[in-house]
Amino acid sequence: MKLLRSIAIVVYLKELRESLRDRRVLFNALLLGPLMGPVIFLIILRLTVAHEVEQAEKPLPVVVIGAEVASNLISILKQAGIEVLPPVKDPEAAIRTQQYDLILRIPNDYADDWRAGRPAQVEILYDSSRREAGSQVQRLRNALNSYSQLQSSMRIIARGLSPNVLHPIMIAERDQATPQSRSAMVFAMLPYFLVFTAFMGGMFLAIDATAGERERHSLEPLFINPVATASVLLGKLAAISSFSLISVIISLTAFALAGYYLPADLQTTVVLDAGFALRALPLMLPLILLISIVQTLVTAFSKNFREAQTYLGLIQLVPMIPSLVLTILPFKPQLWAFAIPLLGQQLAFMRLLRGEAVSTLQMSMCTFATLIFAAMLFYFAKRVYASERLAISP
Amino acid sequence: MIEALGLHKSFGNINAVQDVSFVARDGEITGLLGPNGAGKTTTLRMLYTLMKPQRGEVRVDGFNATTDALEVRRRLGVLPDARGLYKRLTARENIKYYARLQGLDEKVISARIEQLINMLEMNEFADRHTEGFSQGQRVKTAIARAIVHDPRNVIFDEPTNGLDVMATRSLREFLKQLRADGRCVLFSTHIMQEVAALCDRIVIIAHGRVVAQGTAASLREQAGESNLEDAFVKLIGAEAGELE
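Going down the list, the sequences are from chains A and B. To convert, count from 1 in the first sequence and add 627; that's our numbering. To convert, count from 1 in the second sequence and add 124; that's our numbering.
If you're looking for bench data, these hints aren't it; they were derived computationally from the structure. We put the CB at the ideal spot given by N, CA and C, even for glycine. Accuracy of the hints is not assured; some may be wrong.
As the list claims (entries may be wrong) - Computed footprint of chain A on chain B; a stretch qualifies when at least three of its residues, placed anywhere within it, have a C-beta under 8 Å from a C-beta of chain A:
| no. | stretch |
| --- | --- |
| 1 | 204 to 218 |
| 2 | 264 to 271 |
What the hints assert, rightly or not - Far from chain B, some chain A residues (derived; all Cβ distances over 12 Å):
| no. | residue |
| --- | --- |
| 3 | V652 |
| 4 | P686 |
| 5 | L687 |
| 6 | L872 |
| 7 | K930 |
Stated by the list, open to error - 25 Å max Cα-Cα, derived SDA-like pairs, lysine to any residue:
| no. | chain 1 | residue 1 | chain 2 | residue 2 |
| --- | --- | --- | --- | --- |
| 8 | A | K716 | A | L771 |
| 9 | A | K685 | A | A747 |
| 10 | A | K1009 | B | R198 |
| 11 | A | K685 | A | R644 |
| 12 | B | K211 | A | R650 |
| 13 | A | K930 | B | I138 |
| 14 | B | K231 | A | R644 |
| 15 | B | K176 | A | E1015 |
| 16 | B | K211 | A | R644 |
| 17 | A | K930 | B | K231 |
| 18 | B | K211 | B | K176 |
| 19 | B | K211 | A | R933 |
| 20 | B | K211 | A | R1016 |
| 21 | B | K211 | A | Q936 |
| 22 | A | K930 | A | V985 |
| 23 | A | K705 | A | R644 |
| 24 | B | K211 | A | G839 |
| 25 | B | K211 | A | F1007 |
The shape of chain B in the complex, shown without the other chains (with noise of 0.2 Å):
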């Protein structure tokens, strides 16, 4: 479970982030929705412990993301928005990599990176040097790796950007099988496609602020509109609304 409680983040004269609360839990894929800076990266990277929310608390299972940084990020599974993969080494040994970093043991790591590989469908291209990889096999690559210790807990910040169909197909389901393994899902998008195929609960950020969450239905039904879209616009207001 993934919880922000008044987060807030100004760079500068900028405030990214203001008074941002919401609840992911597990068992649910849960969306980050709002338009291109919104302040979904800046949320999500202070979820991930790599920024210091200003004012407020993150709490992942419990513990608080800033005093219990080391034990939040093992509890985390996260595909940031910089997927930056070592071009010299090949997909199996980019997730090895992480893998030991997570620290897990040699005889688990092999059994676990074979596992991910038939999951993600890599067997084609696993053994190769990642330069030149599609941007469809970077993005398995990066979620493989960000997975490999098997965490409770998913952040994937706009993972089916540069996704042909196929893939995004592919990738929705994985995220829906990760729900299934009770897992919670936390996912950023700018798509309304994308929530409205996947999501328990949105969450929708405008302005660096929350301007609306709940379920499919209860937004639909807060915004007064029998259409997700129409409910969506209406909630962050017409001239934030720049969906692609």
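Bound-form chain A, shown alone (with noise of 0.2 Å):
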């Protein structure tokens, strides 16, 4: 009993009692906060795979002029799923009023290049400004040259020669970084999710237990007792971050078990397991703490509950910042970056979610900054909490 004594302790135990009966504070610590992000991160994840798989697999509709000429590369463009479809008149204008995306014209001395042996040329007209563009003509040159590549090493061994000279260097490609752009987007999207399901878990507790109890008039009574605000806050926080915590740590079984239904290419770059949800939840700890403590600030300078909710609806998007930062500025991390609360956790994350190590010099440049800055922020809260305006309810 001696341990209930401590008033912490009994502050702690009576908004925890207090929000298990609440229904909005569970929905939001156990459903919302937590399974929005894995479940928005899936959809939006199979969504552009499919439309990915089906952008490769679709015939390709490419304009042809001068088919006649041409038959045998016609016929290995349509092997490889091209669809040919007649000519137009104006090709360039064609191009332009972005009625066709791509044309093929085969100019009429090809055959007879063609036979003599010379370079046989083929135009592609498209417009390069127009976002499929790309991926296309990358689709039609690619036909193009292996027909190309086939018909050279054919003519070299007509003439008694190995094909092989024909390539002095062979390219291997073995791509290392750069991520492509489903797995920069789950390195953006992830670190932001576990942020904001901090943010989510304990949010109405935190505007309840300061404006929601300030709007009721018990914050009066409550402090008429012999007790230190400190310790009430204290007890308070406490009930805010394990809130917070429960909500992390099903946000990050979620996403670990996300982890086993990406899409195959993706398994490769990204690092989505139990491993990561065991890894990240130590980086997460001091930034719940941050958080509740940054929430407790806010809702004790707001008039009442909507007026807190609306400053804790807008304090959330601030985690978006590094986020933002780190996809439009992919910087080389250093060092102080770390020490950058919201921007340390982030770049740890990206780490683990790369399947690199975090340094223990940058997990305790990450928690160590983070931990001084909740520190000065609640000493700031405290006196916040002791001033006498904060007891008096409007």
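Dock chain one against chain two, each of which comes alone in its own frame, and use the hints as you go.
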């Protein structure tokens, strides 16, 4: 019973008990907060994958001018999934007006050049400023190149040489970094969703425990008890942090499970599994504490529940800043960057997602900087809590 | 015993309380009487340490409210103007929370709460969530949690506000019982009949100042009126005497 005597624990237990009876708090902490991120994440990934697969397999319509002089080439193109459309009158205008995306023009002297063994020219007309032009041109070019290579090999063999003489250098691509569009999205979205969850988990309790108590006129009688305001504040922060922590744990579990449903090609570039969850959790702990203090401070300055909700909604956008900065300016993180709360955690999460280790130094920079910042804000919150105007309801 | 010595508090340009001094003694009921906005609640807030007086001093059982705030709070049971209860907790849980904040022993707590529930006739609703309580049930719960630690001094801010006739009567009986236990009882009101029916000593406050204090008889004598209400109106000045 000695333990129960501690005021912070008394306050903590009361806040927990009250919150467990509040459907709104539970809904936010256990469902909406933790699961919204993983669900949105999976849906977006699935949609983009479906879109890209569709793009790759769909027949590519190409207007071909002069098809009659290159029948072999045309049949090869058809095998490569290219749909040959009949010629148009003014090909340049057709591209400009976006009537067609791609036009292949085969000049009349193609056949003569071909027979004479001279390079036979073909032209691709397209508009590179259009979003999908790049990948379509690439597909057509690949089809043309493979036909060209096949022909050159056959010509070399016909002259009694090995086709290998044509390939003094063989290029083997091993893509090391530059995350492709989808994995870049994972790196940008996931850290934000984790921080967002920490915000959502404790938000309603944070509002209720300060602005709500004030609005319902229960803060004044509370502070008339012989208790230090710091103990009351500590108890409330512990309760808010607990809900936030539960949210984050649920969210990390959901993300780790979502990792198994990632498209196969992403699973090689993104490490999202139980190991990620276990390494990410300790990084979140100081941040959870910091967020609970920020939320309490903000609600202490709000006149009522509604106002607090509005302010906290805005504050919730703050963790988007590091995400955006990292997406727009992907800089090589220096050590000091880990010492900035929010940014440090997001950098660490990105390393973990890439399957890289977070060094002890980076980890402790991130943790201690966040804790120091939290301690400074706690001191400030304590002063606000002890002020006359907080306790007295308007 | 609660002593107010030359209290002064202003908010911006408004002098809410100016040079307020009085003593509330043990075994007596002291009434702080004044019209709405006279500075009663501000005075009480300084007595129960939630506001710091800009000048003057508060003493409770000899302890200074500014330098020894926690000790003073332990010696006070306060029903403030704000009576917010936790609506998702039962009346009993509300009281228990305060008992724990007062640092009472778990064994003492349940016995004490049972005693208060009987004393304030709260049995019917003690284990219901306080959401939807009547005004009377609210005040009873707020009083029970205020005195759960069995304080020597009690301060009630407008305790009968919003209560019906029956609830008001039982509250008066309750205050008399506290006095019979030898406690110091101080309450504020803007209702004349209340002080006439209850108080051993009356402190009349208007425009943030004490305009008169003493027993009912001495106040009547001071004003030269045979009726306490007439005396009250005369003492605070007619324009401030908006009695309800």
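- Going through the earlier hints one by one, which of them does the structure break, listed in rising order? Numbers 3, 9, 11, 17, 18, 22, 23, 25, in rising order.
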